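Start from the sequences and build out the full structure, keeping to the hints where you can.
As you go down the protein sequences, you meet chains D and C in turn.
Going by the numbering used here, the letters in the first sequence line up with residues 11 to 474, in that order.
Going by the numbering used here, the letters in the second sequence line up with residues -9 to 245, in that order.
I should point out that these hints are in silico values taken from the structure, not numbers from a laboratory.
Misleading hints may appear alongside valid ones.
Derived CB-CB ranges, DEER-like [stated by the list, open to error]:
{"hint": "1", "chain 1": "D", "residue 1": "Ala14", "chain 2": "C", "residue 2": "Gln120", "range": "27 to 37 Å"}
{"hint": "2", "chain 1": "D", "residue 1": "Pro51", "chain 2": "C", "residue 2": "Asp171", "range": "35 to 45 Å"}
{"hint": "3", "chain 1": "D", "residue 1": "Gln395", "chain 2": "C", "residue 2": "Asp217", "range": "24 to 34 Å"}
{"hint": "4", "chain 1": "C", "residue 1": "Glu96", "chain 2": "D", "residue 2": "Cys224", "range": "23 to 33 Å"}
{"hint": "5", "chain 1": "C", "residue 1": "Pro117", "chain 2": "D", "residue 2": "Ser282", "range": "48 to 58 Å"}
{"hint": "6", "chain 1": "D", "residue 1": "Glu226", "chain 2": "C", "residue 2": "Asp156", "range": "33 to 43 Å"}
{"hint": "7", "chain 1": "C", "residue 1": "Lys237", "chain 2": "D", "residue 2": "Pro51", "range": "39 to 49 Å"}
Quick caveat: nothing in here was measured; it's all calculated off a predicted structure.
For glycine and all other residues, C-beta sits at the position ideal for the given N, C-alpha and C.
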Amino acid sequence: MIQAIRASIAIVVSRWVAILLRATGRAGTSLPGLVATRLSPQLVHRLLRQLDTCVLVTGTNGKTTTTEYLHALLSQDADPWLVNRGGANLLQGLLAALLTVCDARGRLRIRRAVLEVDEATLPLIAQSAHPRLVVLTNVMRDQLDRYGEIDQTLALLRRGLSDPAITLVANADDPLCAALAEGRTGTVLYGFSSEVATPGFPDGVRDGAFCLQCGEELHYSGYFYGQFGLYDCEHCGFGRIEPHFTGRVSSGEAITQLEISEVAGRTAIQYSVSQVLSGLYNAYNLLSAVAAARTLGVAPDRLHAGLARFSPPIGRMQVFAGDPECVLALIKNPAGANSVLRALMNDPREMAVCFAINDQDADGRDVSWLWDVSVEDFISTVACQRFYCAGTRAADMALRLAYAGVPRDRLTVLAALADVTEIACAGPVQVFYILSTYTALHPLAERLPGRIRVPRAVGQEDSA
Amino acid sequence: MSRTIRIAHLFPELLNLYADQGNLAVLCQRGARRDVSVEVVPVRLGSGLDIADFDLLLLGGGSDREQAVVARELFRYAADIKTGIERQLPVLAVCGGYQLLGQYYELSDGTRIPGLGAVDVVTKAGPADQRLIGNIAMTWGHGSVPDHNTVVGFENHGGRTFHDYDALGQVIRGHGNNGLDGMEGICYKGVIGTYIHGPLLPKNPHLADFLLQRALRYRGQPDQLDDLDDGLEWMAHGTVLRMLGIKTDDLGVTT
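Right, dumping it as structure tokens:
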């Protein structure tokens, strides 16, 4: 009874918070959820339990984009699906999304949801959400100050996936992901065709370098990027399993079509979807979303119509038209940043690149991950004459670039984030890439559409 | 006359949890810009280690699993490393590597995981939910750079380390060795041990030069190093001091 009263109070109060936020133009945050969680910690579970169909998306990178893809693919009949947007994937973010479809008596108006969930939050909600299907994008090293080590992340995921009734949709190319699928029945695997793999052992692989089953070093005959590849353990026999959904993209140039071959029973069917966002990592996101949607019964001929509804999340290779064109991309950990840099390396245009690096809680307080990013390969490949650094950790990033080989006279440390938009209007380049951590992303995305072209000479800031 | 330093990077495949290769990049480039050629030899599992070949050992940190593998491998060389240290061999040990140089790591149930015993340092596990995490700044009094008397970085460790040697510095803000005695790291003969990663050397160029000079002297070479333009380095260093609310004037630091 007391629980129910607390829940009602939490619902009412959080609604007022949401109304206030909207009135002050600050909608879309987790604040109503945070307030409601404080007032009634059980509320999120009470609401999750009401879901008839719950689909979760978790993993280190690609959660937000995959969730958007999947939501677009699923939302094709009269009944809507609830979704949490913008990476609000902790308890309060989930609650904030649920509260938007909850009446004053605490009943959900929408009973099916596709929700992005942080790896550490998954075990907390697995029981109440009772997910029918979980998409696991990948398991990579995130900011270290959040969970400690990768072993800990794996343990959290194992706990979250312990219910055997969950259909796991997992990345076959990621050995850490595949290890979590071992021994489960009904797992759906997706991956890329071995024909498009780069032969040899991936450089700088660390997270997936050792077999989780026996601890021996993994052998790779080819790789896609990061730890994704064609791996096997010569010691215990653990290895990549041929996926149920195999993707094929043309490599080296901009990816526009994703060919998918799906094994259904003894036959294979082929179809292709248009790739909305550039970069191989986004092709992985799309492939996982298609695998999940197909598993949930979306027909192949409905995929195209579904994707037409897709709107990219903020700052995922978001293009802002102008002169020069501006592209905003989120980076938050080494693997994610490397995949973004790879996409830039496939862009032959003359570019300027700005790194906006903050160190708030949501970014990760520890910026040592910048040194795990493959900056050396990047700067030796791209046609970039000018590098800018902004954010609270601008100087750290500038140092990272300097030690990777960028001459110091081509490096500019910007004093404020606001300067980024000004710089983005100047300079004789064809494209201006802004790679940003989480908390700098929204301020930048808000400023970029309104940028005005103000020619301005840019010199190196005196760093003394 | 060309000068040379050889660095043994111990088990890079296992001990690089906190981007320790950043420390190597700094040592190599700061050496190269002063005509000191710095050769880095990755020492991998099973490849053997002859301490006499090297002028500096770099021992980073790994996860518990990786740390245990390294400990097993390094035990074979424990006596060599200890002898080397007594003869002033420079060593840079970070996080897990720092703990590993000591006598033991005591788990919360009292079990002691033996270390190399190269220095008389012990580490005890802290409460599981109380890792010592955050930006840190400490005093720096070992080098000869009068204008820069702080060392900054980021720490993240569960272990509490205790010893009676000189510390690397006195904590100004942050936790340090154990969060109790206000000391961070160790500075004993050629050994520098610290919980600072992030990595340590890019933002602390004075410390990088200090290590280079020790390695040069260890090999019997002149240790004179010309000044470099360290504008970016001190800017990044100053960012951490500012974030920690440390007024540089009070410390006589110019940035």
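Hint check results:
no.: 1; hint: Ala14(D) to Gln120(C): 27 to 37 Å; result: 36 Å, holds
no.: 2; hint: Pro51(D) to Asp171(C): 35 to 45 Å; result: 38 Å, holds
no.: 3; hint: Gln395(D) to Asp217(C): 24 to 34 Å; result: 29 Å, holds
no.: 4; hint: Glu96(C) to Cys224(D): 23 to 33 Å; result: 29 Å, holds
no.: 5; hint: Pro117(C) to Ser282(D): 48 to 58 Å; result: 54 Å, holds
no.: 6; hint: Glu226(D) to Asp156(C): 33 to 43 Å; result: 42 Å, holds
no.: 7; hint: Lys237(C) to Pro51(D): 39 to 49 Å; result: 42 Å, holds
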